[in-house]
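So the protein lines, in turn, are chains G and A.
Position one of the first sequence corresponds to residue 1 (our numbering), numbered consecutively onward.
Position one of the second sequence corresponds to residue 1 (our numbering), numbered consecutively onward.
Since the hints were made in silico from the structure, they are not lab data.
Hints are not guaranteed to be accurate.
[What the hints assert, rightly or not] These stretches of chain A come out as covered by chain G in the derived footprint (C-beta under 8 angstroms, 3 or more residues): (1) 26–40; (2) 55–65; (3) 161–170; (4) 182–190; (5) 249–262.
[Stated by the list, open to error] No farther apart than 30 angstroms at their CA atoms in a straight line, the calculated lysine-lysine pairs in the BS3-like style are these: (6) A:K54 <-> G:K54; (7) A:K318 <-> G:K250; (8) A:K54 <-> G:K250; (9) G:K266 <-> G:K107; (10) G:K54 <-> G:K107; (11) G:K106 <-> G:K77; (12) A:K250 <-> G:K54; (13) G:K318 <-> A:K30; (14) G:K77 <-> G:K107; (15) G:K318 <-> G:K106; (16) G:K77 <-> G:K266; (17) A:K106 <-> A:K318; (18) A:K250 <-> A:K107; (19) A:K266 <-> A:K107; (20) A:K30 <-> A:K318.
[What the hints assert, rightly or not] If the Cβ cut is set under 10 angstroms, some of the chain A residues that face chain G in the computed set are: (21) D102; (22) T104; (23) R217; (24) S282.
Cβ coordinates follow ideal geometry from the N, Cα and C atoms, glycine included.
Protein chains: 2
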Amino acid sequence: MNKLAFLPLALIAASPAPVPSPNEIVAAAKAEDWVAIAPADLLVMDLAADRDAKPRRVVIQLMPAPFSQGWVGNIRKLAAAQWWDGTSVNRVQDNYVVQWGDVTEKKPLLDGLAVVPESAYSISLVSPEMIALSTKDVGSGVSTIIELMAKLSKVKRSSKPDQYAPKSIFVRGWPVAADPNNTWPVHCYGMVGVGRNMPPDTGTGAELYTVIGHAPRHLDRNIALVGRVIAGVEHLSSLPRGTGDLGFYKTAEERVPILSVRTGDKVTVLPTYEYLSTESASFAAYADARANRRDAFFIRPAGGADICNIPVPVRVGK
Amino acid sequence: MNKLAFLPLALIAASPAPVPSPNEIVAAAKAEDWVAIAPADLLVMDLAADRDAKPRRVVIQLMPAPFSQGWVGNIRKLAAAQWWDGTSVNRVQDNYVVQWGDVTEKKPLLDGLAVVPESAYSISLVSPEMIALSTKDVGSGVSTIIELMAKLSKVKRSSKPDQYAPKSIFVRGWPVAADPNNTWPVHCYGMVGVGRNMPPDTGTGAELYTVIGHAPRHLDRNIALVGRVIAGVEHLSSLPRGTGDLGFYKTAEERVPILSVRTGDKVTVLPTYEYLSTESASFAAYADARANRRDAFFIRPAGGADICNIPVPVRVGK
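Whenever a hint applies, use it, and build me the whole structure from the sequences.
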């Protein structure tokens, strides 16, 4: 507990300079701590211009292996086929999600989309994807996912389990959870997932949503997560809320037309986006500062932070 | 772990009907489980109409004793003096807060506002307020706040501590955290707090904000919480994001004028708002269902929920 607040004013004035804020730590990170995101791993969604004729571009980073690759593969195919062009944003539910795709649910899908099983919501330690990851980067000798995670991660996180999983941790730029046998991505603000009908349907990837409120972690392992919004989330989060059930827009006029969705390698003018390596010392310092704010505004560090309160920093490359 | 997803389809069809969803539990709650909120405990903020000439009303429930009563008292005085009329919404930062008040910071405050100490961010077990509460409702014999909380609450919550406090629990309609000696309200979506300058300033209550993103729990015990938005949060959360530092609007045109702020007893036409008693069996069932979704859409209950993922239900009275 920080006692600073209880010191007389004269002592405060004489006390050491406050430690840097999380943003200051990120701003001071070395160039090599930033990882460029390949344009092919971006999904660029252009919405119709707003009422002031301002363009609205949303940029999504697709999730890397070993997570959700069946759905991500479908999404790449749908983008290549320009399937979303002419569809719309159809649902905006406050403190929950924005959802987009074909509101008629009748537009023919592509041939050859993968049907992904529910088991792919998480990745087991003995899955081929995880064995490949483990062998390549960690070597042999890990017997649990948590052990693997610990070897992959350099971020010392609170040993407290969160309310949803025995372990939550950052691996290669992504917030993930784990139990001894499985690992899965988690629903933080801005994460993008695959809409689906009732189970055992798992969705194709044609209907997508993003989180615009408090992390709905109860959706973890119940819906596929495929990426996260890294730019332009305000074009979704500030849309008028729908007044129909579940926040669906009631009228066609309310829906926001989607002009085009392309992977980044098909977009002519696009900056380079970079994320702060979650394996860097800078990220470790940032995560610690998020959990223990000691910059001048704060009088009492929390002593912890849930994984969704440590958003992975993303910037436009310099 | 729910194994339903791995059963053959024929067995799924024969399985029992799914249990009710959290919303269905709330809809089925008995009339006596709902607690009417006194109009005098509401703060009604009318913003200028939107571009389509639609009115925008935001209704805030002020926090009851023993929490933050110094600031709440100031807010009542400011509302009675119509102090906010003609001020504006000045800051909208995505996934964080919307803030309103006097953007010039030069409007004279009222005489006689309380200057509240930082110690009032939390309430100790030996404070007069807590002794009064404890004596009235629990009787003597509790030696820690957590014990008191346990007696006050009927909701069985996961015994896992959250990342921010040894205990988080619902008391009299509000999400609060506690350690053995203190209790304090927590920053969930929609909670309303008091903007302040650098410590030891604690703010007067004239500058307010609400949370429009993932719970910024690191602000707990660093800023005063005084209430929560119970209606019309979408008029704040869907505002365009500010493009200045910290999401402040850069121009006067972007700011949203505040027409008036009154306590509910001074508003002519206002429905009765009710919250679901957090001491009711209905709330206990709702909270359990939020933590363990077993309704038809879900294949895997989470087994827990963080306190901000269990929003206290509020409705317009019937």
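Hints and how they fare:
With 0 residues carrying a beta carbon less than 8 angstroms from a beta carbon of chain G, the region 26–40 of chain A misses the three-residue requirement, and the given coverage is violated. With a threshold of 8 angstroms between beta carbons, the proposed coverage of the region 55–65 of chain A by chain G is violated, since 0 of its residues qualify and at least three are required. As drawn, the region 161–170 of chain A meets chain G at 4 residues by the rule of a beta-carbon pair under 8 angstroms; at three or more, the given contact holds. Note: the region 182–190 of chain A has 3 residues with beta-carbon separation from chain G under 8 angstroms; the three-residue rule is met and the coverage holds.
Coverage of the region 249–262 of chain A by chain G is violated in this model, with 0 residues showing a Cβ closer than 8 angstroms to a Cβ of that chain against a need of three. Straight-line distance between C-alpha atoms of K54 of chain A and K54 of chain G comes to about 23 angstroms, which keeps the hinted pair within the 30 angstroms bound. The straight-line distance between the Cα atoms of K318 of chain A and K250 of chain G is roughly 25 angstroms, inside the 30 angstroms bound, and the hint therefore holds. For the suggested pair K54 of chain A and K250 of chain G, the alpha carbons sit about 17 angstroms apart, so the restraint of at most 30 angstroms is met.
The straight-line distance between the Cα atoms of K266 of chain G and K107 of chain G is roughly 23 angstroms, inside the 30 angstroms bound, and the hint therefore holds. This hinted pair checks out: K54 of chain G and K107 of chain G have alpha carbons roughly 29 angstroms apart, not beyond 30 angstroms. For the proposed pair K106 of chain G and K77 of chain G, the alpha carbon gap of about 18 angstroms is at most 30 angstroms, so the pair holds. For the hint linking K250 of chain A to K54 of chain G, the alpha-carbon distance of about 17 angstroms falls within 30 angstroms, and the restraint holds.
Our distance criterion of 30 angstroms between C-alpha atoms is broken by K318 of chain G and K30 of chain A, whose separation comes to about 59 angstroms. Between K77 of chain G and K107 of chain G the alpha-carbon distance is near 15 angstroms, which keeps this suggested pair within the 30 angstroms criterion. Of the supplied pair hints, the one linking K318 of chain G and K106 of chain G is violated, its CA atoms being roughly 44 angstroms apart against a limit of 30 angstroms. With a CA separation close to 13 angstroms, the supplied pair K77 of chain G and K266 of chain G stays within the 30 angstroms bound.
Distance hint between K106 of chain A and K318 of chain A is unfulfilled; the C-alpha atoms sit about 44 angstroms from each other, more than 30 angstroms. With a CA separation close to 19 angstroms, the supplied pair K250 of chain A and K107 of chain A stays within the 30 angstroms bound. Distance check on the hinted pair: K266 of chain A and K107 of chain A sit about 23 angstroms apart at the alpha-carbon level, within 30 angstroms; holds. Annotation: proposed proximity of K30 of chain A to K318 of chain A holds, straight-line Cα distance about 12 angstroms (limit 30 angstroms).
With its C-beta approaching chain G no nearer than about 20 angstroms, D102 of chain A sits outside the 10 angstroms limit, and its interface hint is violated. For the restraint placing T104 of chain A at the interface with chain G, the shortest Cβ-Cβ distance is roughly 22 angstroms, beyond the 10 angstroms limit, so the hint is violated. The criterion of a C-beta within 10 angstroms of any C-beta in chain G is met by R217 of chain A, whose closest approach is roughly 6 angstroms, and the hint holds. With a cut of 10 angstroms, the hint placing S282 of chain A at the interface with chain G is violated, because the nearest CB-to-CB distance is about 19 angstroms.
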